[in-house]
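If you're matching them up, the sequences are chains A and B in order.
Just so you know, we're using the UniProt record's numbering here: the first sequence kicks off at 1 and counts up by one.
Just so you know, we're using the UniProt record's numbering here: the second sequence kicks off at 1 and counts up by one.
What the hints contain is simulated information worked out from the structure, not anything from laboratory work.
Honestly, I wouldn't trust all of these hints.
Because identical chains share one entry, a pair is satisfied inside a single copy or across any pair of copies.
For lysine to aspartate or glutamate, the following DMTMM-like pairs were computed, each having C-alpha atoms within a straight-line distance of at most 25 Å [claimed, not checked]: (1) Lys13 - Asp105; (2) Lys58 - Asp119; (3) Lys13 - Glu61; (4) Lys13 - Asp119.
These numbers come from a predicted model, not from an experiment.
Number of protein chains: 2
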Amino acid sequence: MSHDAATLESFVKRYLDTVAGGSAAAVAALYTDDATLEDPVGSGEVHIGRQAIEGFYKNMEAAGSIGTELLQFRPGGHEAAFLFAITIAGAMRIEPMEVMTFDADGQITTMKAYWSAADITQL
Amino acid sequence: MSHDAATLESFVKRYLDTVAGGSAAAVAALYTDDATLEDPVGSGEVHIGRQAIEGFYKNMEAAGSIGTELLQFRPGGHEAAFLFAITIAGAMRIEPMEVMTFDADGQITTMKAYWSAADITQL
Chain A
1 MSHDAATLES
11 FVKRYLDTVA
21 GGSAAAVAAL
31 YTDDATLEDP
41 VGSGEVHIGR
51 QAIEGFYKNM
61 EAAGSIGTEL
71 LQFRPGGHEA
81 AFLFAITIAG
91 AMRIEPMEVM
101 TFDADGQITT
111 MKAYWSAADI
121 TQL
Chain B
1 MSHDAATLES
11 FVKRYLDTVA
21 GGSAAAVAAL
31 YTDDATLEDP
41 VGSGEVHIGR
51 QAIEGFYKNM
61 EAAGSIGTEL
71 LQFRPGGHEA
81 AFLFAITIAG
91 AMRIEPMEVM
101 TFDADGQITT
111 MKAYWSAADI
121 TQL
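Same shape as in the complex, but just chain A (with noise of 0.2 Å):
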């Protein structure tokens, strides 16, 4: 189940590059189906499965053309944690910290975001 950290950082810059693809569905593939995101952590509602998940980045898929970047990886055996800027519809930038665990096939297993508005900057 362990990655190195090359392989690790390489599922976070897809995971990153598929966002900013901007397709709610393509992101959605690299999660497992019965996998589980929590963004923002802390905000009381964990989506399950693959279905629910591509809901979740439907929102963002409405909000216009995305931008991400990676800023600081950490690896840690089957799981990274990783700061990243999103910036969205050129209006709006946030840098949440995140935690993913993967399966041994590099597909996102859990994912769980951390921010607040504090981390929120208008363009």
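Given chain A, work out where chain B should sit, using these hints.
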């Protein structure tokens, strides 16, 4: 169980200040009796319980003077994710990302540290 962002940040700063204080017993006292600690994530070793956790920090106690600096902080309900720098005996600087969960009283219930050799700088 949920804490606001400022409260969570105060818990994290108390932790980093206590680590810099250098007493393993004082750091372990910030954890609950049945807390778990994984550092680094992926090592395959999870320290379970305050006594085991104190043992983990004893290694730090032996290493010499410690400095800590909070670089990035993200709140999440009863959790927090953060990036920090730790300097050991003026000889080594490590920049881990950590995720902690807290109980209602602000004691640490789980700690996971994400870092690898790439995050160490010899000073």
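Exercise. When no copy is named, should Lys13 and Asp105 be tagged within, between, both, or neither for a Cα gap of at most 25 Å?
Worked result: within (15 Å within a copy, 38 Å between copies)
For this session: At 25 Å max between alpha carbons, let me know whether Lys58 reaches Asp119 within a copy, between copies, both or neither.
Result: within (22 Å within a copy, 35 Å between copies)
Exercise. At most 25 Å between C-alpha atoms: does Lys13 with Glu61 qualify within a copy, between copies, both, or neither?
Worked result: within (19 Å within a copy, 37 Å between copies)
For this session: Can you give me the call for Lys13 and Asp119, within, between, both or neither, at a CA distance of at most 25 Å?
Result: Answer is both; intra-copy 21 Å and inter-copy 18 Å each pass.
Of the numbered hints listed earlier, not one is contradicted by the structure.
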